[in-house]
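Visitor: Sequence:
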Amino acid sequence: MKQFSALLLKEWRENLRNYKIFWIPVVFILLGITEPLSNYYLPQILDATGGLPEGAVIELPDPEPEQLMVAVMGQFQLIGMLVLVLAYMGSIAGERRNGTATLLYVRPLSYTSYFLSKWLMASAVSLFSVWAGFLAGYYYTAVLFSAVPFGEFVAFAATYSVWIVLVVTLVLFASASMPNAGLAAGLTLAALLVLQLIHSLFGSRWEWSPLRLPNYAASFLDIGPDANALAWTLVISLACLIILAATGIWFAKRNRAKTKV
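In numbering that gives the first Met the number 0, the protein residues as written are 0 to 260.
Just to be clear, a hint being listed does not mean it is correct.
[Stated by the list, open to error] As a list, the in silico PhoX-like pairs of lysine-lysine whose alpha-carbon atoms are at most 25 Å apart: (1) Lys252 to Lys1; (2) Lys9 to Lys252; (3) Lys9 to Lys19.
The set of hints was computed from the structure by calculation and includes no laboratory data.
In this text, all values refer to a predicted model and were calculated from it rather than measured experimentally.
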């Protein structure tokens with residue numbers, strides 16, 4: 000436990016030194032406010048670009064607040080995921096590549112504590128960023144349009160948070176298994192792309208796929224997901240998370256000999 004605390008403090012200082020605890024939340028907050036602001040000022044934007052007849056008036060129906068929150072989640076699914084992959088792709092592979100890990104590997108080291116300290120810090124920063132982005136989007140949506148019921152919003156954000164933790168675990172697994180950060184990012188993005196492709200083809204036959212978590216999150220803003228399907232999806236997601244973490248720990252230990260000296 001003492002070693003885990005020391006490693007966690009190291010991760011905190013590294014995230015502080017690299018400004019990850021500042022710039023990652025800022026990116027998600029900007030993504031969160033983009034949708035409500037762009038939809039609110041869309042008529043003025045179209046008017047400023049010109050090309051409309053003299054005296055023409057632009058009238059667009061107000062989007063539903065639920066649609067805006069789902070659109071915010073869509074931004075997180077594209078740009079947000081890429082930000083998290085790029086931020087944490089070198090967590091383990093980068094330390095081996097630049098020789099920093101040598102200072103740790105020469106001492107008695109619990110690779111479980113080593114991996115989990117990185118996982119906990121990356122998950123905490125990612126979840127804080129996602130919730131900050133969602134809350135920013137929720138606030139501007141409520142001010143400019145109307146508010147989503149707060150209970151539905153919390154269930155929506157909490158379900159999506161499980162997906163975020165799963166993705167962060169996949170990133171760290173790739174970082175532990177690959178020789179450098181670039182390959183770790185490539186493996187993560189390729190895995191997500193292939194899984195999404197398989198899900199689009201066959202996902203309708205399996206309601207318990209972890210890839211359905213964003214869909215189940217969005218359904219909280221509508222009629223709500225099927226409780227049984229969501230429960231089994233969360234169980235399978237937890238199992239996948241444990242398997243990825245355990246395999247990542249094994250790879251971190253197995254690849255220690257590849258550390259640059």
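Visitor: For every hint, state whether the structure bears it out.
Guide: Hint check results:
no.: 1; hint: Lys252 to Lys1; result: holds, 20 Å
no.: 2; hint: Lys9 to Lys252; result: holds, 19 Å
no.: 3; hint: Lys9 to Lys19; result: holds, 14 Å
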